[in-house]
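Generate coordinates for the entire structure from the input sequences, incorporating the hints supplied.
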Amino acid sequence: MEHSSLAGRIFRGVALTLILIFFMFPIVWIFLMSFQTNEQILRIPPRILFEPTFANYEALISGQLRTAAGNLQISFMRNLFNSVVLSSAAVLLALLLGVPAAYAFARFKFRLGESIAFTLLSFRFAPPLLVLLPLSLYYQELGLNDTYFGIVWVYQLIALPLILWIVRGYFEDISPDIEHAYRLAGHSWREAFTRIAVPLAGPGIAAAGLLSFIFCWNNFVFALILASADKQPVTVGALAFVTASGIQYGQIAAAIVLSVTPTLLLALYAQRYLVEGLSLGAVKG
Amino acid sequence: MDMLELRGIDKVYRSRGKEPVHAVRALDMAVEKGEIVALLGSSGCGKTSTLRMIAGFEDVSAGSIALGGRRIHELPPARRKVAMAFEGYSLYPPLTVRENIAFALKSAQLPRAEVARRVDEIARLVEIEDILDSYPRAISGGQQQRVSLARALVRDADLYLLDEPMGQLEPQLRAVLRGRIKSLLAERGMTAIFVTHDQTEASALADRIAVMEGGILQQFASEKELKGRPANLFVASFIGEPPMNLLDASVTRSDGGFRLSVGTEMGFDIGGAGLDSEAAKVLAGTPQVRIGIRPQKIAVGTGDVRVKVVSNQWLGDQSHVAGDCNGRMLIAVTPGRVAARPGDIVPFALEPRHLHIFGSNGACIRHAEVS
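Residue numbers (my numbering), protein chains in the order written: chain A, 1 to 285; chain B, 1 to 371.
One thing to keep in mind: the hints can contain errors.
[What the hints assert, rightly or not] DSSO-like cross-link-like pairs, simulated, lysine-lysine; straight-line CA separation at most 30 Å:
id, chain 1, residue 1, chain 2, residue 2
1, B, Lys227, B, Lys33
2, B, Lys81, A, Lys109
3, B, Lys224, A, Lys109
4, B, Lys106, B, Lys33
5, B, Lys297, B, Lys224
It is worth saying that the hints were derived from the structure and are not from the lab.
Structure (structure tokens):
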């Protein structure tokens, strides 16, 4: 579209600014909050100008939460580490399982193929709470409660369908004859998959992996029920800031800033792939 | 010696909830070493399925395929020693044209100098030297098609499969390439099968043509044989441009032979002499037949069949005259100009010896005499 007229350009600028403010304000406000004490935050009216303090970050990193009622031990850095481990492991496992599965669904018509693919997608339909009760009972029986592996496994409910369906669309976009040509030139079916199909679907796989990483990172309820303190990710760990002597807004804000930063950086870095991957997957999926 | 032998090939596509599609039925075909064969037919006739079964991308539902004495239908594509140019080109997008062509040669671990020499040679043949360092997405469809062709022809294989190899090319280039590819194949004794729906291409490039329809091989013969002695009604009407004139005729016995009458306007006496005993026996038991005559065999300006001219086109080297004879359309082709306008009544001459006669099942009862 061409916006050549001056009025059009001004309107566009104003509209973009409004939208940007609307979406960015909470993030900016949280960022500002993370440098304030609880008293400064709760002041009425709130002020934009204040004397910044690093006390919140110090408390998080040292693990000592000072409240009016005394000192509390918090394991925020441990939670952050858990988040990284759990989300990365979950996405890695989902990629290992999901990419070959997506290829199979894209290339081969087999009995119950569509039903299986749809069932996997339907895991995303049900609210997680619905499956959590039976799942936690099973997990107790199996001894998977409060293990990294148990949580990584349950994260497959989030990551696997996403990867499967996005990557499948990508594989369907690639002409099977490219692989056929490769196989005729003396290569096995497996080589055609690893050397031709996977590299050509690379952007899609990257986008799907990134998205499922973000979804896993943001998950709250699975880890809340299935893991105890030392295995919990940041999303659950943030509950520790609701203390007997009040809610520690400053620390919550600092925790949010710290926990958002990794995914934000990752998303910014891979933004190009993300948009491309999503739009292609959406059209072709 | 037969290089490729297809025996009793059947291909059935089954998908859930749909009727199975019988794409190829009981196909028997033998291709000699160094022979160039065209698979000719309309869309959906099973020709591409046949090609893909030979390459190994489709399993045969029944039957066997042997190539150079090896039974290949159970081997993976990589071990069949077959090269193929795909209809959709299917070049590797991250590789340049040169790398695409050299790909299989490098995989076969040929020395670098040899690879370069072969790539340059084949690139010259299909006129793509100037785009060797481009990427597939940066070149046109016609160029991609030539790269795909080069990628197949550059290889050492027992059999070359070309799926619509020149569909995207401009007519002049197509004619030039046809000639060059034919001489390349002949010079090296390469055996090739190509799929096409273009009769001209099939006749120009192939030694023999396999005409397919409805998954069934109708006839497998040289172009001359297909034109002169079509095995059935389908081949008769499919091969030849413009198509053969076909008319319904009733059969009556006359002294020593048969009389074929088309309405009241046309009658042909088929003498006992021009008819072998087998054909005579069949004709005696068939009240209705279809007769066919090539447009080139109808003489304009003489004869006793009166037609009303519908169109008269001068194509620069021949005239196509279409005439209406009581609701039946006849097309005649003559080398000279014809001075007739639409609406004029013109005599056409149809001689009994030029008639092909087909039974009610479509099989040919008698071929026209070869003149």
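To see whether the hints hold, each was checked on the structure:
Between Lys227 of chain B and Lys33 of chain B, the direct Cα distance comes to roughly 24 Å. Compliance with the 30 Å bound is thereby established for this hinted pair. Pair hint Lys81 of chain B plus Lys109 of chain A holds up; C-alpha atoms about 27 Å apart against a cutoff of 30 Å. In summary, the hint linking Lys224 of chain B to Lys109 of chain A is not supported, as the alpha carbons are separated by about 43 Å, beyond the 30 Å threshold. This hinted pair checks out: Lys106 of chain B and Lys33 of chain B have alpha carbons roughly 26 Å apart, not beyond 30 Å.
For the hint pairing Lys297 of chain B with Lys224 of chain B, the CA-to-CA distance comes to about 15 Å; that is within 30 Å, so the pair holds.
In this structure, only the earlier hint numbered 3 is contradicted, and the remaining ones agree with it.
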